[in-house]
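The numbering of the sequence shown is the working numbering, which starts it at 1 and goes up by one.
To be clear, the hints were calculated from the coordinates, so they are not data collected in a lab.
Cβ atoms here follow ideal geometry from the backbone N, Cα and C, with glycine treated the same way.
Not one of these hints is a red herring.
Result set (DMTMM-like, lysine to aspartate or glutamate): computed pairs, CA atoms no more than 20 angstroms apart in a straight line:
hint	residue 1	residue 2
1	K145	D117
2	K233	E194
3	K265	E225
4	K145	E232
So the derived label-pair ranges between C-beta atoms look like this:
hint	residue 1	residue 2	range
5	G17	A300	22 to 28 angstroms
6	A85	Q114	28 to 34 angstroms
7	K233	Q130	31 to 37 angstroms
8	S277	T63	50 to 56 angstroms
9	R273	L52	49 to 55 angstroms
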Amino acid sequence: MSVVVEPAVSVVIATRGRAELLRRAVRSIAAQEYAGGVEIVIVYDQCDIDPLDDVRPVLGSVTLRTMANDRTPGLAGGRNTGIAAATGELLAFCDDDDEWLPVKLREQVALWAQVPDAVGVSAGIEIVTQSESIVRIPPAVSTRKDFLASRIGEIHPSSFLFRRSDLLDLPVGVDEAIPHSYGEDYDLLLQLTERGDIVSVPHPLVIVHWDRTSYFAGRWAPMAEGLGFLLEKHKDLLLDDSNAARMCGQVAFAYAAAGSKASAKHWVRRARRHRASEPRVALTWIALSGIVSPERIVTALNNRGRGI
1 MSVVVEPAVS VVIATRGRAE LLRRAVRSIA AQEYAGGVEI VIVYDQCDID
51 PLDDVRPVLG SVTLRTMAND RTPGLAGGRN TGIAAATGEL LAFCDDDDEW
101 LPVKLREQVA LWAQVPDAVG VSAGIEIVTQ SESIVRIPPA VSTRKDFLAS
151 RIGEIHPSSF LFRRSDLLDL PVGVDEAIPH SYGEDYDLLL QLTERGDIVS
201 VPHPLVIVHW DRTSYFAGRW APMAEGLGFL LEKHKDLLLD DSNAARMCGQ
251 VAFAYAAAGS KASAKHWVRR ARRHRASEPR VALTWIALSG IVSPERIVTA
301 LNNRGRGI
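Work out the full structure: start from the sequences and follow the hints.
Shown next, in the form of structure tokens:
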């Protein structure tokens with residue numbers, strides 16, 4: 001009788017200035033009920049390295065390595081640093097403020113064994129807001145065509161599981177040219193799904209915390225620049241009018257929130273060319289009017305488990 005050996009998994013966490021949240025994430029990974037080897041690679045971006053000596057006693061067989069981002073400062077460079085240093089056959093990401101359920105890796109690897117041609121595996125998420133918990137379940141199968149039509153927000157970076165060799169084989173990997181690394185996860189999905197589909201476990205395996213301030217909260221110009229870069233890099237994003245209107249509307253809102261009225265109005269016109277009824281256009285006008293602050297608009301959306 002043959003023995004099935006689960007592949008080793010490296011988990012890359014890029015972090016900066018979130019010591020307690022990081023420890024929570026590490027403990028959740030250490031608690032994985034997975035028979036294969038697990039290593040955690042923590043990449044510190046533009047900050048001192050914390051050896052995390054206080055959490056090492058709970059790691060058991062899980063190995064923990066810490067290092068500095070030696071590439072472009074920011075999330076993309078941090079993730080690429082971790083990918084290069086990782087040793088596992090499979091590679092996962094976990095944001096430093098999120099958590100995994102104990103069965104995450106076991107269930108994802110089991111699903112992948114059933115669909116070996118898939119390029120990656122995701123899972124459902126539970127979003128914890130300031131007022132409630134909201135479950136989001138991604139489609140069973142997501143193709144590149146699907147991602148050109150929608151970001152598919154249910155497929156969260158903290159649920160990503162890929163083959164490390166596929167990531168290393170990409171022309172640019174996690175694209176460090178994206179301004180401020182905003183949207184690097186979407187770009188990565190667009191790159192990878194040129195080679196295959198993403199399959200997803202149909203229930204939550206990740207807890208995504210929206211009950212605290214996001215790193216990008218208030219950083220409106222980086223959002224606008226990052227999304228604008230993606231629209232230039234992946235011009236086929238503009239072929240689906242609904243998705244093009246969504247992204248142009250996001251850029252318009254971000255510029256409005258940043259106080260750049262001319263840029264906001266330019267992107268409003270672009271959004272309306274693709275879909276006259278794009279709801280983010282209305283939100284942009286509200287933000288420009290000053291009736292409701294951009295922060296209040298985003299907070300209201302986040303409390304419903306949605307983003308702009």
